[in-house]
Structure formats: C-alpha cells, structure tokens
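There are 2 protein chains.
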Amino acid sequence: MTPQHTDQSSARTAGATTETPTADTATRATTAAPPTDAATQRKQAFLQCERSLNGHPTQTLRAELLALAESVGADEQPDRYGEGALIEDFEREIAALLGKEAAVFMPSGTMAQQIALRIWSERSGRRTVAFHPTCHLELHERKGYERLHGLHATLVGDADRLITLDDLRATPEPLAALLLELPQREIGGQLPEWDALVEQTAWARSHGAAAHMDGARLWEAAPYYGRDYAEIASLFESVYVSFYKGIGAITGAALAGTAEFVAEARIWQRRHGGNLFHLYPYVLSARAGLRERLPRFASYHTRAVEIAAALAQVEGVILKPNPPQTHMAHVYLRGAPDALLEASAELAREQRVALFTWLRPAPVPGYAMFELNIGDSAAAFTPDEIAGYFTRVIERAASSR
Amino acid sequence: MTPQHTDQSSARTAGATTETPTADTATRATTAAPPTDAATQRKQAFLQCERSLNGHPTQTLRAELLALAESVGADEQPDRYGEGALIEDFEREIAALLGKEAAVFMPSGTMAQQIALRIWSERSGRRTVAFHPTCHLELHERKGYERLHGLHATLVGDADRLITLDDLRATPEPLAALLLELPQREIGGQLPEWDALVEQTAWARSHGAAAHMDGARLWEAAPYYGRDYAEIASLFESVYVSFYKGIGAITGAALAGTAEFVAEARIWQRRHGGNLFHLYPYVLSARAGLRERLPRFASYHTRAVEIAAALAQVEGVILKPNPPQTHMAHVYLRGAPDALLEASAELAREQRVALFTWLRPAPVPGYAMFELNIGDSAAAFTPDEIAGYFTRVIERAASSR
Numbered sequence: 000m001t002p003q004h005t006d007q008s009s010a011r012t013a014g015a016t017t018e019t020p021t022a023d024t025a026t027r028a029t030t031a032a033p034p035t036d037a038a039t040q041r042k043q044a045f046l047q048c049e050r051s052l053n054g055h056p057t058q059t060l061r062a063e064l065l066a067l068a069e070s071v072g073a074d075e076q077p078d079r080y081g082e083g084a085l086i087e088d089f090e091r092e093i094a095a096l097l098g099k100e101a102a103v104f105m106p107s108g109t110m111a112q113q114i115a116l117r118i119w120s121e122r123s124g125r126r127t128v129a130f131h132p133t134c135h136l137e138l139h140e141r142k143g144y145e146r147l148h149g150l151h152a153t154l155v156g157d158a159d160r161l162i163t164l165d166d167l168r169a170t171p172e173p174l175a176a177l178l179l180e181l182p183q184r185e186i187g188g189q190l191p192e193w194d195a196l197v198e199q200t201a202w203a204r205s206h207g208a209a210a211h212m213d214g215a216r217l218w219e220a221a222p223y224y225g226r227d228y229a230e231i232a233s234l235f236e237s238v239y240v241s242f243y244k245g246i247g248a249i250t251g252a253a254l255a256g257t258a259e260f261v262a263e264a265r266i267w268q269r270r271h272g273g274n275l276f277h278l279y280p281y282v283l284s285a286r287a288g289l290r291e292r293l294p295r296f297a298s299y300h301t302r303a304v305e306i307a308a309a310l311a312q313v314e315g316v317i318l319k320p321n322p323p324q325t326h327m328a329h330v331y332l333r334g335a336p337d338a339l340l341e342a343s344a345e346l347a348r349e350q351r352v353a354l355f356t357w358l359r360p361a362p363v364p365g366y367a368m369f370e371l372n373i374g375d376s377a378a379a380f381t382p383d384e385i386a387g388y389f390t391r392v393i394e395r396a397a398s399s400r
Numbered sequence: 000m001t002p003q004h005t006d007q008s009s010a011r012t013a014g015a016t017t018e019t020p021t022a023d024t025a026t027r028a029t030t031a032a033p034p035t036d037a038a039t040q041r042k043q044a045f046l047q048c049e050r051s052l053n054g055h056p057t058q059t060l061r062a063e064l065l066a067l068a069e070s071v072g073a074d075e076q077p078d079r080y081g082e083g084a085l086i087e088d089f090e091r092e093i094a095a096l097l098g099k100e101a102a103v104f105m106p107s108g109t110m111a112q113q114i115a116l117r118i119w120s121e122r123s124g125r126r127t128v129a130f131h132p133t134c135h136l137e138l139h140e141r142k143g144y145e146r147l148h149g150l151h152a153t154l155v156g157d158a159d160r161l162i163t164l165d166d167l168r169a170t171p172e173p174l175a176a177l178l179l180e181l182p183q184r185e186i187g188g189q190l191p192e193w194d195a196l197v198e199q200t201a202w203a204r205s206h207g208a209a210a211h212m213d214g215a216r217l218w219e220a221a222p223y224y225g226r227d228y229a230e231i232a233s234l235f236e237s238v239y240v241s242f243y244k245g246i247g248a249i250t251g252a253a254l255a256g257t258a259e260f261v262a263e264a265r266i267w268q269r270r271h272g273g274n275l276f277h278l279y280p281y282v283l284s285a286r287a288g289l290r291e292r293l294p295r296f297a298s299y300h301t302r303a304v305e306i307a308a309a310l311a312q313v314e315g316v317i318l319k320p321n322p323p324q325t326h327m328a329h330v331y332l333r334g335a336p337d338a339l340l341e342a343s344a345e346l347a348r349e350q351r352v353a354l355f356t357w358l359r360p361a362p363v364p365g366y367a368m369f370e371l372n373i374g375d376s377a378a379a380f381t382p383d384e385i386a387g388y389f390t391r392v393i394e395r396a397a398s399s400r
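Chains G and C, in that order, give the protein sequences.
Residue numbering for the first sequence follows numbering that gives the first Met the number 0, beginning at 0 and increasing consecutively.
Residue numbering for the second sequence follows numbering that gives the first Met the number 0, beginning at 0 and increasing consecutively.
A couple of the hints might just be wrong.
Just so you know, same-sequence chains aren't split out, so a pair can sit in one copy or run between any two.
Unchecked claim - Straight-line C-alpha distance at most 25 Å; calculated SDA-like pairs for lysine to any residue:
| hint | residue 1 | residue 2 |
| --- | --- | --- |
| 1 | Lys-42 | Gly-365 |
| 2 | Lys-142 | Asp-166 |
| 3 | Lys-142 | Glu-82 |
| 4 | Lys-142 | Glu-263 |
| 5 | Lys-42 | Gln-76 |
| 6 | Lys-142 | Glu-121 |
| 7 | Lys-142 | Ile-266 |
| 8 | Lys-142 | Gly-124 |
| 9 | Lys-42 | Ala-73 |
| 10 | Lys-142 | Arg-126 |
| 11 | Lys-42 | Ala-152 |
| 12 | Lys-42 | Gly-72 |
| 13 | Lys-142 | Arg-265 |
| 14 | Lys-42 | Ile-393 |
| 15 | Lys-42 | Glu-75 |
| 16 | Lys-42 | Pro-360 |
| 17 | Lys-42 | Asp-74 |
| 18 | Lys-42 | Glu-82 |
| 19 | Lys-42 | Ala-361 |
| 20 | Lys-142 | Ala-258 |
| 21 | Lys-142 | Ser-123 |
| 22 | Lys-319 | Ala-68 |
Rather than coming from a laboratory, the hints here were simulated on the basis of the structure.
Since the structure is predicted, the reported quantities are computational estimates derived from the model, not experimental observations.
So here's chain G without its partners, still in its complex pose (with noise of 0.2 Å):
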C-alpha cells in the first residue's frame, strides 16, 4: 500500500478512481471546472496525501504494470480475439460466480449493455426499452442505444427515486427489456428491498420483456441482500458486471446469460469493434482483483455504515441513503463548494488527509455534495477521526466565508 489517497484528482490508477465522477460530467461537475491555480494547488495537496477515505490505496503506473507481470503463469499465453485459455478460463469463472451458463469478457459496461438491449430487441421484435432516468446509457453514453442501435428509451419512474412496480405498471408500451440498476448509482447506491425486485423483474418477463442487470456494483449489493451472486442473478436474463469500479481492475466488463445469448453478444462485440486483438492486460487485472477484493464486499458495506453513522452526527452533513445499503452514499454538506473544498485541500496540506476532492452542488441551495465509496483505503481511519475532520472542514469553511 503505498502512501497515496485515492480520488478524482489524483487518479493515479484504477482503484484510485473508483466511483468518481464519469469523464463527461467530471468537468462540470467539479466547482472549480476551468484549471485556476488554486485548482492546480489543491490538486496538488490531494496528490500528496498518505491516507484517503475513499476507494482503494493506489499504486504508481509501474509499480500497477509490475504486479500485473508478477500475476502472469509462466505458461499462460496470451488471448487472442477473445479466445485462449486465459481468458476463456475468466469467463468461466464469471459465469459459474453468477449462475449463468456463459459470460463474455468486453472492454467496457457501455459496450456489454447495449449489446444486451440490442440483442433482446432483436428477439422480442420490439424498440423500446425501459430504465431510470439516470441510467449510465441515458446519462454518459451519447446516446449510444439510440444513434448504433435504434433502440428507444422509455424513462421510469423518477430520478431521485427507486423504480417502484406501480411506476412499471404506467408503463404500457411494448418492452424488449427493463434494465434495473443495482445499486443505482446515482441516488447514492439505493436498492429496491428483494421482494421488489422479485415483483419487478417478474413484471418484465410476464410482459414479454427480458429483465436485463445493470451489475456494474452488484459486488457492492450483494451484502445488503444476504444472497450470493447467482440467486440475485437468477432473477435476471441477462446481468453486467464490471471489474474496474470495486473490483480496482485497470479496466474491463462481462456480460452473462444464457450459451446462446452470450454466442450472439460476440457476434455484436464485434460489430462494436470490441473483440480486440489482446484484451489480456484487463483480464488479468480483473482476474487478481477478483480473487483479491472479492470476499471484502461486506466489510466495504459494514464499513459505511458505521462512518455514515459517525458523519450523520456532525452538524452540517447529510447522507443519502443513511444507512447506506452498500459501499456508497452520497454526502451533502452544508457551505459554498469552493470554500469546502479548498478546506478540504489545507486539511490535505496539514495532515496528509484526503476526505473529498470533487464537489458539485448540490439541489439543495446551501449544501454541496460528493459521492463517499468505501473500498480498502478507509480501513485507514476510525469513524469518529472521519467525523472529526469533517467537522473542522464544514468549520473552517463557514469561517471563510
């Protein structure tokens, strides 16, 4: 573990940037969105820290590429357009962890979740597929669903709330698939209780409609539900999961289902120009950060519960969901995003700390927010150290004011 935090400004490596803001929001969505100096200087002082409260202790990019290497069998070949053992073993082993007879290893979830959609278009004859309003292929993908495949977007139910099934029930068009995000990222990592998303996803099917996993934290969900991979995935046609988020993967995404399903979804990898020559820098990492990270999900959600307790006492600070359900919550704070975040950076400066190193502002006048993702870097604190800091950040940037 080498003594660097672990955020968006750093962004040293995979498991620094963990649950950060999407590339085409980041911009926007930090306070300080042209480069000032003080923006280069903050930049700075969260670069230098020892420890950080979110995501995973990171590594320089040589050191990343030295423990690939070291990962490597002697013996082990490279894939090679999709095929050959070292990768073909992985998507075993991604199927059996999520019951399903076959997954496929994609470079990206953006590129595996289309193809999914796609591909259930295709066999339902049917256009129009359903999701949350702040979807990742609704929000960050350009509208990739629209503009490569033709597929139309019925939006569900409200953005800062779970799907219910009362809001499927308004939906009356014909559906090739109902995409349900679990958790949803984007109201702080919320997740329908498990007989909801029994009724919602039988729903689906008894409309004709496949019921397809955005799985992309599913690691993540899985404790809160006190079920294994498969049995939650049972529940679904098709699931997507990603090992760069959690997992702390360099990059990388499966998609799995049915023998068939899966056939068919490499015939559309390629299609996507996804069925690269060599994908074996990804496979590896995710491989090693699976076998690494895998069994800690729980203690990631234990973990943020008890700071999201420690924080819902500090005047000033507001969580959603509180208890988290999973390894997340986004955190309002009360105070102008500027002067909260360079109190962020001189506690950075004083004490090596990294609490938070994006802003945006939140709806809410008066308060601005940041994603909290619990990995192995806030093993470095205790909860009442976290609440401490936050406490003298909120302080000291009411005091600036």
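Once you have looked at the hints, place chain C on chain G.
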C-alpha cells in the same frame, strides 16, 4: 530477443501474430480445422522453434508486461477516459506523423473505421460508402457498418485486383466516402501507383465523397512510395492506422483528421463503448513499438523483396505480388495443404525453424497459400537459406503423397 518463433500457432504475444488470419477466418483458413493430435503436435513443434520467418520475435507474456512497466516514466499518470498527458501526447505525436490536425487513440480499427464512415455519412447526408470487395469492413466485422450505423456498401472493382479509376467511374451512387486500403492486404499487400492514388482520391472529392484511408499497414506501405506518411495521408480526409501489426503493440489504433472530425469521432467512440476508463496498456505498448520499429519499415520492405527474389527461384513457389510492394506477399506452394503443413512441422522439429504455421487452399487446385510477412524475425535468415528450406518442404510434401 527470446528464442521463439512468430506465427499463428504460437500466438505468444502481439508481434508473434502479426499478419495471420483474423479470428473469424482463422479457423476455416487453417487446413486442420478441428484440433487433432497431429495439429496439436504441429503446434507444439512450431512453439519450440528458435527462428521464424514471419513477424517479430516474441517474449513470454510476463516479459512483455515487465518491458511495458520499464517503458513508463516515474511520474507518468494513467489516462482517464481518454484524457491525460500520456494518451494526449501520443495522439499529438500520431497526428503530427500523419500531418493531420488531430488524432484519437482507439481500441480497434473496427471501431475507428466505422466511426469515420458514419461521420462522413452524417456530414454528407448520404448512407452509401464504397470500398474494395475484400475490405476489412466487408469480411471481418460482421457488417457492423450496416447493423450499427445503417450504412450501405458499394463494393468497387474485383476481389482479386486493385481498384481502378474506371471502377470508380462505374459507381454512379452518391457516396459518403471512398475507403482505400493501403496496401490491399487480401491480395498480397498490393499498392496502387502514386498517380492512381492521387486520381482516385481526387475523384472521390469531386463527387462530394470523403477519401478515407484504411492505413492498417500504412507504415509498411510508405517505403514503396518513397514519401513520408504525411504526404500520403494528405490525399485523405481521414486516416486510420494500427499499432498491433507491424508496430507490434498489444492492441490499438488511431483515427486522424481535422480537429473537428476527431472531436466528433470521440463522441462516437463513447457510443461504441471504446472510451475506456484506462487505455494505458495499449498506449504504452504502441508508443514503445512505434519508437522501436518505425525506422525499420523500409528495411522490412527491402528484405521482403530479397526473400521473394530467392523464393521465386524455388520450383513450386509462386508469389503475389512479385516483387512485393510492402513487407508482405501471398506465397502459393504447390502441393497438398496437409502434406505441406506437416512438412513445415517436420522442419520445425528438425531445425527449430518455423517457415509457415498455417496454410489455406489456394483458389488454384494443387496449391496452398500463406501470407508472408516480414518483420524483425526474418533477419535471422539469409534469403538463400530460406529458399533452401522451402525446397525441402515442397519436396518432402510431394514425396509423402
């Protein structure tokens, strides 16, 4: 340089597998389609070779990653969703090399080229694109251009020769773009003469169509023209280049054009799912490969011409084209494919030399064919030595009948 040879059966790493059949033709192209004991034994024999005629020498997967780690500057930071100095500096380097305003690094040429054609389609309001019947988009991409982008292809000219101006004149439909592949891989890497290239790209422009270069092997094509990359690229509005073939990178491609074109391409890259969280393993290996091998492409061409001249003297060997215009040629061998491949494996066992590790039946009965591709590996032989080995293989195959 580790003592391993470089061809399809070994597939040790990037350089090992340059210029072998693409994945969706490889299986049916190899004479022994279902793995047999003989096929396994042949593969083993090729794997243990100390010298190979084709491609570049290979390393173990671990050594490849260690070399990658060594190439990283101590202060270098990972790219993040396509941003950061590491990837942006490399993109600028490629743009400068090609004399274009901008370039974008992409995971694959399949992605890059579909995107280029879609952009020209959106700009022209035309849905038809023109290319050679053996174009990669037509043969190897499962018609992604049509299924993802709604484009239609007009195949220009005949599959077994280069496109001519008369072929273009016989294409009356309004075109969004004309794609020219330099060199035309599937006919042995043939190149149009410079004047023809100038005429054809001018024809495209005069008909309101963009000229797009499939420069998967542009590095290998330039020596024939005796012109720099930028001068060749100046005939085209957009240029795709690859890094994992002659350059020997793990994977990767770039698309170059005006700044506006490239900005648009980045949006489509996101839609395709190619705006990956990290691309650094590919960027780093492309950067290292480019620095190492860019100065050598003229020598690959010279050596290919020398080897072809020696091979042309061997009874039962025919080359297309002869002399080679690039680093490659199609080599037709008289004999039964199975017997020839087995004779090559016997040579591998006796001499630890891999001449060719796959064959496919030639259109002319009684001949089999493979793709000669000259990289660093061929330096381990004299042309006469190569001719001698081919004589032995053909005689042995003939006597085994």
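- Query: Can you tell me if Lys-142 and Arg-126 fall within 25 Å by alpha carbon in one copy, between copies, both or neither?
  - Reply: Classified as both: same-chain Cα gap 14 Å, cross-chain 20 Å, threshold 25 Å.
- Message: For Lys-42 and Gln-76, with the copy left unspecified, which applies at a CA distance of at most 25 Å: within, between, both, or neither?
- Response: between (40 Å within a copy, 13 Å between copies)
- Copy assignment of Lys-42 with Ala-73, given that the CA separation must stay at most 25 Å: between (40 Å within a copy, 18 Å between copies)
- Please work out whether the CA atoms of Lys-42 and Asp-74 approach to 25 Å or closer within one copy, between two copies, in both situations, or in neither? between (42 Å within a copy, 15 Å between copies)
- Could you place Lys-42 and Pro-360 in one of the four classes (within, between, both, neither) given a Cα distance threshold of 25 Å? The answer is within: 19 Å in one copy meets 25 Å, while 61 Å across copies does not.
- Query: What label fits Lys-42 with Ala-152 when the C-alpha limit is 25 Å: within, between, both, or neither?
  - Reply: This pair counts as neither: shortest intra-copy Cα distance 38 Å, inter-copy 49 Å.
- Quick one: Lys-42 to Ala-361, C-alpha cut-off 25 Å, is that within a copy, between copies, both, or neither? within (22 Å within a copy, 61 Å between copies)
- Up to 25 Å CA-CA - Glu-121 versus Lys-142, copy category: both (18 Å within a copy, 16 Å between copies)
- Quick one: Lys-142 to Ile-266, C-alpha cut-off 25 Å, is that within a copy, between copies, both, or neither? both (21 Å within a copy, 10 Å between copies)
- Message: At most 25 Å between CA atoms: does that hold for Lys-42 and Glu-82 within a copy, between copies, both, or neither?
- Response: For Lys-42 and Glu-82, the Cα distance is within 25 Å only across copies (16 Å; inside one copy 42 Å).
- Message: My question is about Lys-42 and Glu-75: at a cut-off of 25 Å on alpha-carbon distance, are they close within one copy, between copies, both, or neither?
- Response: Close across copies (15 Å), not inside one copy (40 Å); limit 25 Å.
- Task: First find the shortest C-alpha distance between Lys-142 and Arg-265 inside one copy, then the shortest across copies, and answer within, between, both or neither for a cut-off of 25 Å.
- Result: Classified as both; 21 Å inside a copy, 13 Å across copies.
Checked against the numbered hints listed earlier, the structure breaks hints 11, 22; every other hint is satisfied.
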